[in-house]
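Asker: Protein chains in written order, with my numbering: chain H, 1 to 536; chain R, 1001 to 1503.
FYI, nobody ran anything at the bench for these hints, they're computed from the structure.
Hints are not guaranteed to be accurate.
[Unchecked claim] Derived pair list, reagent style DSS-like, types lysine-lysine, alpha-carbon separation capped at 30 Å:
id : chain 1 : residue 1 : chain 2 : residue 2
1  : H       : LYS81     : H       : LYS297
2  : R       : LYS1133   : H       : LYS174
3  : R       : LYS1337   : R       : LYS1353
4  : R       : LYS1340   : R       : LYS1302
5  : H       : LYS297    : R       : LYS1353
6  : R       : LYS1340   : R       : LYS1353
7  : H       : LYS174    : H       : LYS191
8  : R       : LYS1408   : H       : LYS174
9  : R       : LYS1133   : R       : LYS1062
10 : R       : LYS1358   : R       : LYS1340
11 : H       : LYS298    : R       : LYS1340
12 : R       : LYS1337   : R       : LYS1358
Now for the letters of each chain:
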Amino acid sequence: MNLPDITRRRFLGVAAGAALLAGCSRRSTRAIPGEMVGPSRERGHRLRDGGFPAASETERHGVVIIGGGIAGLAAARQLTKSGHEDFFLLELEDRTGGNASHGANAVSAYPWGAHYVSLPPNDAREVIELYEELGLIAGRDATGRPIYEETALVADPAERLWILGRWQEGLLPKIGATDADQREYAAFTGKMAEYKAARGNDGRRAFTIPVDRSSRDEAFTALDRITMTQWLDAQGYRSERLRWYVDYACRDDFGGTRDQVSAWAGIHYFAARDGVAANAENDVVLTWPEGNGWLEKKLRETSASRIRTGLVAWNIAPAPDGGVWIDAFDFRREQSIRFEARAAIVCVPRFVAQRLCAPLRGQPAAPLEYGPWAVANLTLSERPGGRGFAPAWDNVFFDSRSLGYVNASHQRLDREAGPAVITWYSALCDGPAAAERAKAFERTHADWCDLVLADLRRVHPEIDELVRRIDVCAWGHGMIKPVPGLITSAARQRMADPIGPIHFAHSDLSGLSIFEEAYTRGVLAASAVAASLRPA
Amino acid sequence: MTDRSTRLLFLASVFVIATCGLIYELIAGTLASYLLGDSVTQFSTVIGVYLFAMGIGSWFSKYVGRNILGTFIQTELFIGLIGGSSAAVLFLLFAQVNSFRVLLYALVLLIGALVGLEIPLLLRILKDRLAFKDLVSKVFTFDYIGALLASLLFPLVLVPHLGLVRAGFLFGILNVLVGLLTIWLLRDQVAWARGHAGTGLLILVFLLTGFAQSDRIMAWSEGATYSDPVIHARSSAYQRIILTRSGNDLRLYLNGNLQFSQRDEYRYHEALVHPGLARVPRRERVLVLGGGDGLAVREVLKYPDVREVTLVDLDAQITSLFSTQELLVDLNAGALKSPKVRVINQDAFTWLKQQTGKFDFIIADFPDPSNFSVGKLYTTAFYREVRRVLHPDGAVVIQSTSPYVARKSFWCVVHTLDASGFVTEPYHVYVPSFGEWGFVIASPQPLAAVADLPPGLRYLTPETLAGLFRFPPDMGDVPTEINRLNNQALVRTFEEEWKQYVH
C-alpha cells in the first residue's frame, strides 16, 4: 500500500500512539510548532553518573535545603517564618517548582504538573494555616467554616465526561448507565461516605491528609495489602462504568491503575477529603490557570533571595563537627562548592536522596515505584466545545487511556473568546514503569503530537484546525505509586526519620504525591531543624 | 407550426415576460425596503433604476443582428436564472456583503436590462407575422395585462403564501418554461436548439431545487428568524448583532435575544437608571457596565450634575454602531458622542479589577445570565469588585431578568447582592416588548427616600416610581441559592426557568 504523505517514521509514531491510547491514526501532515520541556535529563544523568570535581570553595551556612519542589520551598518558607535567615535552597534546575512547575505564553499561564488542591481536611493544620496566610481562606462564617477566595475555587462547570459521542456533566458516567450501574454508584458513594466519616480505634480518622495522621487501626490498614481492583471484586462491584471511574481516579491521583495501587490508597482518594467551605460544595477544588504553580510562586516569594538554582548537591555527609557537609556542583560556573552547614533538609525524591546522602548509599534501595507521566500544553485558536454539556475545567474521555485535559483559561474572569491553552495529561501506567519511562523518552516531539492529537481528535474532530502549538513534558519519575504495602510499611515510616543533622522531606515519604503531603513534610522538617538549632 | 400558433406562443410569452419582469421589480423593491428601511425611497429608486435599465436593454437590442430568436431564448433563460434567484441571493448576501446597495442595484440593473431586451426582440421576431399596428397594440396590451396580474398577485398571493424567495424561484421557473417551450416549438428554426435546451434544463433544475429548498435558504438568511425586516446583521467576536426595523420600530437583537424595541425602550431605560440615580447624594462619576447601545447613558446625561460617564462594553462593534449609525445616534440622542462620556471596550470584570477610583453610581446592564461566561458578571466575586469601586453612599443598579418568567433567577440576583453586603431594593416595570422586567438597586447604606427625577421623562413620575417597588404574590420573594463563580447557580436556574417558559 502506498501512503504518500505518511513517512515510515511517522507511521511508527502513530502506531506507538495507537498502541498506547487506542486512538485512531489519522494525522495531520503539517509539523506543529512546540518543544519538549521538563526536567533536565542531562543534569539528572550527570548526577547519576557522578564525576563532579572536588569542591574548590567553601561556604558556611546554618541550613542548606536541597531541592526546590514544594517540600523544599515549604521548608524554606518555614525557616524564614521562624526567623532563620542563614540558609540556602539549592535547586538542580534553572527554576524551582518540581511537580508544581508551570509555563506561560501570550494566551495563558498553564501547569506542567499538579494543577489543583482540594479543600484541606482539619487534620491538614499546616496547609490550612498556609491558605489563611495566603488569603485563600479569607475568613470564617458564624459556624467556623472557612470562606474561600471565590476566584480560586474552580469555576462552575468543573467537570465533564465524553461518553457515547457526547459530553455529560460530572465524571461518573451517567449517559447509558443501567439501573444496575446506578445501584452500584449509589452503593459505592455510600461506602465512601462511610469511610469518610469513619474513625479507627485510636480515635483518628480512617483516611486523612496528611497520610500519617490517618488511623493505624488494622480494620483500615488491612486495605493496604490488596489492590483496589481486588477490593472492588471483594465488594462485588461489577459495573464496568464504576470500575472505569475508580480506575480513572487511581490513574489521575496516583499515576497507577486500580490493578497497581493499593485499596487503602484508592479509598483514600474518595474518603480523605472532608474539608468544608462556607461558600462552596465540599467536593470543590482550588485551582489557578498555572495550576499549583500559583502556590509554588507564593511559597517562593517568602524566600526568593535564598534560592540558588542550577546547583546540584552531589554529596551530603555528616561532618566531623556534628554538622553536615554538602558538596554541590554549580552548572553555570562549572565548579563545586562545599557548604558547611549545621543541618540539611533533603527535599528530593528518595531514589535521588539515596545517591546523594553518604549514610544512605550502602543501604538497600527502598521499594519505591515512580510512575512516568506525559503532560502536553496545547495552544488553541479557540476553546473546543462539542455536543452536549458545556466546556468545563476538567474534560475527561470515557474510553481513553489519557486523563483528558484541563482548560488553563477556565479560571479567567473575562468572557472567553479567542485562544485558549489546554493541558492534556496521561499517566503512563499500562506497562512496567521502567519500560513506560524508556518508551516515553524515546518519543520525539512529533511522536507526542501524533499521540496527543489522536486522543483529542476522537472527541474534538476540529482539533487539527484549532491547534497552534504543542509543548510536551515527559516526567520520568512523575509520581510515587502507592502500591500495596507501601503506605503501611515500617520502612516508609522510617525513611522520614532524620539521620543526625540530615532531615528529609518529600511527598514520596508519604506514598502519595500530593501538595499537602509535600508541604506538610517541608514545614515539619524545617520546624524540627529550627528546634534543633535553637540554643539549648 | 402554423403562423397563428406561433403568434399565440409569442403573445403568451409577452404576457409571462411582463408578469415575471414586474414580479422581479417588486421583489427587489420590497427586499430593499425590508432590508434598508424607508420604503418610499427604496421603491422609488428601485423602480427608477429598473425602468432605466430596461431602456438600456432596449437600446442594446439594436446590436442583436442575425440570431434574434437565439438571443431571445438566451435572454429568457438568463432572466429566469437571475431574476428567479434574485430574492434568495439578496437575502443570503445582505448580511455578508458590506455594500449591499451596490449588489442590489447591480442585480436590478441586470434584470432590468435583460427584460428591456426582450420586448424589442419580440417585436422584431413578430414584425413579419403581424401588421405593425396590430403588433404594437397586442404586445403592449399583453404587457400591461401581465403587469396588472403581477401587481395583484404579488401582495395578495405571492408574499403571504409563498414568501419572497419561493415566489422568485416560481417566476424564474415560468420564465425558463417559456424559453424551453419556444425552443421546442421552433426547434427547426432555432440554431443550436439542443444547446439552448440543455442550458434551459440545467437552469430549470437549479430553480426547482431553489424552490424546494426555499425554507432552508430563508433559515440560513436569518431574515426568517425575525418577525420584522432585518436592516443590519454583523457578527462581532462576541455575538451576532441584528437590527430589525418595521415602520418606526427599530429593534436590536444580540445572539437572537431582544435588547430593546424603539417603541418602549424608554420604559426600560428610565426604570433602569432613574430610581437609583435620582436618589444618590452625588452623581459626578457614573459607570455603565454593558449597555453599549448608549440608551442608559442617554438617561444618565439628563442630570446636569453628572460630570463624567464611563461606559465599559465588551463589544466595540456595538459601541461604534451606536455612535455612528444615524438612526441609532438619533435614538440615544448622541449619548456616546458626548464629551462627558468615555467609551471603553473591555471585559467588565477584568476592567473593574484594575480600577482604583470610586464611582457615585454604577449601572450593570448585562445580557441575561444565559451562559456560564455571562453568569460570572452576576456572582458574589463580581459584586465584591463593584462594591470596591463604589462610593460608600453611592448605589448600583442591576438589570436582573424577568421576575415573572424567571422568578427564582430574579430573586437569586437579589440574594446574591444581599450576600455581598449590600442593602437591596428590588423593583420591576412592565415593558410591553419584554413583559415584566426586574431590577435591583443595591447600596452599601440605605438610600434617601426622596427621588430627584429629571424633567422630561415619559414613564416615570413620583407616583409610578412608588409602584415599581411593590411585588404582587406571583413575583414575590422565593428562597434561592447564592450565585458564585464556583456554582453558577443563576445560570442553572435561569436555563431551567426559561426552558419551561419557551416550551
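Asker: If a hint holds in the structure, say so; if it does not, say that too.
Answerer: Verification of the hints:
1. H:LYS81 to H:LYS297: Answer holds: LYS81 (chain H) to LYS297 (chain H) is near 16 Å, not above 30 Å.
2. R:LYS1133 to H:LYS174: violated, 84 Å
3. R:LYS1337 to R:LYS1353: holds, 26 Å
4. R:LYS1340 to R:LYS1302: Status holds; Cα separation ~12 Å.
5. H:LYS297 to R:LYS1353: holds, 21 Å
6. R:LYS1340 to R:LYS1353: holds, 23 Å
7. H:LYS174 to H:LYS191: holds, 19 Å
8. R:LYS1408 to H:LYS174: holds, 27 Å
9. R:LYS1133 to R:LYS1062: Measuring from Cα to Cα gives roughly 21 Å; hence the hint holds.
10. R:LYS1358 to R:LYS1340: Judged against 30 Å, a Cα distance of about 17 Å means the pair holds.
11. H:LYS298 to R:LYS1340: Between LYS298 (chain H) and LYS1340 (chain R) the Cα gap is close to 42 Å, so the pair fails against 30 Å, i.e. violated.
12. R:LYS1337 to R:LYS1358: This hinted pair holds, its Cα atoms lying about 23 Å apart.
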